[in-house]
Structures are given as C-alpha cells and as structure tokens.
Amino acid sequence: MIELLNVTKEYQMGDTVVAALRGVTSSIAQGEFVSIVGPSGSGKSTLMNLIGCLDTPTKGRYILAGEAIEKLSVDRLAELRNATIGFVFQTFNLLPRLTALENVEVPLVYAGVPRAQRRDTAMEMLERVGLPDRARHKPNELSGGQRQRVAIARALASRPAVLLADEPTGALDSVTGEEIMELFQALHSEGSTIILVTHEPALAQRAERMIRMHDGEVAEDVRTGTQSGRTAERTPKGVVAPPKGVVV
Amino acid sequence: MRGITQWENTRISVRSIAGSPIRSALTALGVMIGVAAVIILVALGRGAQTQVERSLNSLGANLLIVYSGEPRGTALVRSNTANIRPTLTEDDLAMIRAMPPELVSLSTPASTANVQLKFENRNIAASVVGTGPEYPDIRNFQPIYGTFFTHADLERRAAVVLLGAQVYRDLFDAGRDPIGENVRINGVSYRVLGVMEEKGSAAQDSSVLIPISTFQRRISGESNYAMISIQAASSEVMHEVQAAIEQQILRLHRLPSMDYADFYIANQMDLLSTVAGVAGTFTLLLASIAGISLVVGGVGIMNIMLVSVTERTREIGVRMALGARPRDITAQFLTEAVVLALGGGAIGIALGIGGSWVAVNMARTAAEVSIASVGAAFGFSVIIGLFFGGYPAWRASQLDPIEALRYE
Ligand SMILES: Nc1ncnc2c1ncn2[C@@H]1O[C@H](COP(=O)(O)OP(=O)(O)O)[C@@H](O)[C@H]1O
Ligand SMILES: [Mg+2]
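Residue numbers (the working numbering), protein chains in the order written: chain E, 1 to 248; chain F, 1 to 408.
Among these hints, one or two may not hold up.
Computed from the model, here is a short list of chain E residues facing chain F with C-beta under 8 Å [unchecked claim]:
no.: 1; residue: 49
no.: 2; residue: 54
no.: 3; residue: 55
no.: 4; residue: 74
no.: 5; residue: 79
no.: 6; residue: 81
no.: 7; residue: 95
no.: 8; residue: 97
no.: 9; residue: 106
no.: 10; residue: 109
no.: 11; residue: 110
no.: 12; residue: 112
Keep in mind that the hints were calculated from the coordinates and are not lab data. Glycine included, each C-beta is placed from N, C-alpha and C at the ideal position.
I would like the entire structure built from these sequences, with the hints used as guidance.
Below is the structure:
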C-alpha cells in the first residue's frame, strides 16, 4: 500500500537547510494499524504530510498504491488526497460556516458526486461515528470530541484506502481521546488502513505496530503485541459491517 | 474522478457571499456605483443629443438655406439678417425652382426687416419676414390658428399678416380673436390671417409673416432676397443639391469660386452631424468618467478578494487537503468575484434606470436609458469580476496546502 524508500525532506530556512526527514525507508501494508511516536520536531508531521500527498519528498521515492507520487501532477495529487487518503487533523479543520453534514460532504463535492448521493453517504458516515443527530449543527455548536468525530466522518466519506491522523486526540481531554481511539480501533477492525501520530505511549500501544521517529529517522519499528492479526471475531459488538469500498 | 461542477462552485460562492453580507455589499458597492453612473450619464448624454436633434429637425426636414452675405460657418438660423445687403436674385430663385423634383421639393425666398407694429393703443418693435406660401411646409412652422397666405395673396401683393405667438400675446388681450383685425406695420394696415405656432425661439415667435411681394413693394423696395429656403427631396441628395446650387449661383453672379461668394448655403445635415458628433463626444466623455468609477469598483473587488484569500487561507488548505485541485480553488474565488460584480452590476442597473427615471420625471431633464449601455454595464461587470478577481483567485490556487493548513 505504502512504500517509502530512503525518503528525505529538507526545508530551506534562509541560508540553512533543515532536514526534517533523513532517509526514511518503510512500508505499510493494507489493513495495518500503525502508530507513529517520537519527540516533538522528530519529523512525524512531515512524514504524515508526505504520506498524505500534501507534500513531496526532496529525495527518495514514495509509492502509494502502486503510483510513484514524485511523478504526479498537482491534479493527480489532489485526486489521491480526495479518493485514496482520508486526513484527520489535530485541530479538526472543519469549515466553520458549514454544518456537520456539509463538512462531511466536502470531499464528495470535489469528487463530483451528485448532491442526493452525497447527502446519503455523508449521513451514513455521521451515523458511523455516532453523530446522526448533529448533522445540522455548525462546528461551533459541537464539543471537541464531536468535532473530531465529524472530521473522521469527513475523512471516511470518500471511502479512502488509508486513514491518516496527526495527533487526533492532541486537542481533546483523555476521556474523549479514549473514545476517539476506540473509534479508530473499530474502523481498523472493519478493514481500514490507519496511520496515527500520537504523543501518548498508552494510545500508541493500541496499534498493531509502532514506528518511533527520532531526528528525522526511524529509530524503532516494532509490533506492539497488544493486538496481532486482524480477524473478524475481534470486531466489537454493535459495530456495523465495513463501509463499502474500503479495501480489506 | 468527475471533479466539482461549476454549479457547486457557484453554490459555495453564494454561501460565502451571503455569509458576510455587509462586507459583500461594500465590496460590490464600487461596481454598483460605477454601473449606475455609466447608465445615468449615458442616458443624460443621449437625452441631450436627442433633444438637440429634435429641435434641429423642428426647423424643417432636409432643409437648406441660401443666405446673402459672405460665408459664415454653418449657422442654420441667423439671428438677424435684416442689416445684410440682399444678394439673391429672382434668377437665382428661378434657377432653384427649375431643378428637378428628384432634387428639390420646395423652395421659397425670404427677406426680413425690423419694423414697428401697432394695434389699437399698443406699439411694439418686431421683425417682419416677407416670404412665400411654401414657407410653413419648408420650415415646419405652421399657423396654429387661422390659415397661411396663399399664392393668390402673393400675386396681388395682399396686405395680410400672420403673427408670431409672442407678437400675438403682446398686441392682443388673451383670448381675443385676432383674425380680421388690422395691425399697422410701419403705419400701413395689414389684415390678420392667423397666429403661428409657438417655436420657443425668439426669432420666430417675435416676428410676423407677410407675402414677399408685399414686403418688396411696401417695406424694402428691394427686388433681391435675403435668403432662399429649400427643402431637398431627400436627405441623401442634400449635398448634391447644395453643390449644384452653389455652382449655379456662382455662375449667375459671375463669380469664380466660393472664396469670392456673396452668398452661402447652410445645410441641416452638416449641422445635425456636427451636433451629433459633439453630443457623441460628450456622451463618450461622460461614459469614460463613469467607466473610471467602474474600474475603481473593480479595484475594490480585487482589494477585498485579496484580503479574503488571506483570511481564508486555512479554508483553502482544508479544501486542498480534501481534494480540491488548484483550478477548483481558482474557480471558487473567480466565481465569487464574478457573482459579487454581477450582483453589484444588477443593483447598479436598477439604480441607474431609477436615477434616469428620476431625472426625467422629477428633475425634468432629458434622459434616455439605452439598452446598449445596460448591456455594456452588465458585460463590464462580468469582465471586471473576471479581471480583478483573477489575480486573487490565482494567488489562492498557488497556496501550498501545508502552509495554508498551518496558517493562523
Ligand atoms: N515548513 C517548514 N519549514 C521549515 N522547517 C520545517 C517546516 N516544517 C517542519 N519543519 C522542521 O522540520 C522538523 C520536523 O517537523 P515536524 O515534522 O513538524 O515534527 P513533529 O511533527 O514530529 O513535531 C522540525 O525541526 C521543524 O522545525
Ligand atoms: Mg507534528
């Protein structure tokens, strides 16, 4: 699914060059649940942005679902962000003027999905994250946890192959963070590929695999053991069937 | 991937515009004022033009006037021809009357003099015009009351007179029937045949009309005419007629060229086109001034759009992260600018038409709203939206998604 080969990312800061990533090589398979940890400034966000096609490597190769992204046009990158990637941000990044439902619709608008179908899908996603009764609310009428659920519903709307979350619980209290984490686990058990950046070791432990970043390099890449293979019998009770189109 | 439709872009723009109504109104204000100004000023210019043309046309249709004296511009109506020595002869008139009807429909001579008019105990100074019975048709100047004198009156040098509207008011009590009354011109008694329509020109309203034969015998003692009024058969032949008459009169007067002429010909067409040209320039000037305000309005849109792009950097980043292509962002902001400009334009058109209506109905000014100026204003609004929205929209599309997402 994701193939990183000696990926380097450098930023020009005036006269000096800052290397945010120094030769990262890694691969993530379909259906994996990976957490990325590491101290602040170690390159976690930079890596996530690259994987999410928001940025391109300075050196090295990145192959997403068989496509080498350094060769792609801006339009194709936008398409990948739209259809293949679902991004969840620490600060939610909901559009403040739109309702929860309309926010979830945004990726589908750019995919050119007709309105009625868009509404149905968005509603389905809000149901999936447990917020069907908040569809008509604006973000400022929702709690932090609810906003992050809406953001997750939005990331899921185009049924992406990979769900990326950069510190999704960073702006939430621990109880709400726990709920969001459970949602990710449920999504994973339904077949989603999930990559999650977090500060909290306890949360990181709940992924199948943990990549520790240090100074722009992969310092450690381990199986966590608390979860092993994905199997259907691990699906929590009450969780609906996997969303259509998600590659299992 | 099918991509976002323009319809969705328009929905996004309209929502964003409706989301901050005051700012949107202020943004569109410049275009609104500009469009209203274009429409009102062009309407005023055209109104003035039509009014001048109408008053020129009221002098008569396809009118040419041969004047005695040295050539002097193209003035169609000379304020005072009384003290110019008449040089136009009976032969000149006969020559004009011999021209084929495809060229000349009507012609009539005229001479004027300043006289004293007397009726009962009232005594006024006026100008008397001696002319022929064709005069009312050629000069589009008809009796409003009574009848004009006839060829028979001309033949027998009848002492009959038609009064200008002002003369009638000066000599007669309001409502008094003047027909059959006798007024005295330089002491000689003339029977009143009628009153001429009011033209609003002092020269015509303050004069009286008598047969040219009577004028020659009793007032001037001069066989030449001061002028000859001619109605050409059509506007197309006017220049041809003018050239032919010039040549013939030069020949009759044994003069080598117009440089030595003792007459000149004023041509209504030339005057009309001069006036139309001046009025057109005037209208264009007004329109350009208004056009400048449209451009200023456009700069206003650009200004606010640039601010808006900066303020919405994060929104742009989010949209890009969710799959908006650069061209989708361009389209979104361009649509917003065009919708704003069109909205301003539409309100401006309403204001312009309303303002012109007020000018006509309340301020009694001539104003004619032209469909072309409305159409142009509308088209201009779109172009201004595209032009001045283009740069901000392009800037928005060039934002780096990560930078945009990080923007506070
Ligand atoms: N746009 C940028 N310009 C310059 N330096 C940057 C930029 N983005 C990140 N960096 C630098 O790259 C390094 C890694 O940053 P980041 O990936 O955000 O770390 P993390 O998310 O692990 O805290 C840091 O030293 C940071 O200062
Ligand atoms: Mg970070």
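### Query
Going back to the hint list, which numbers does this structure go against?
none
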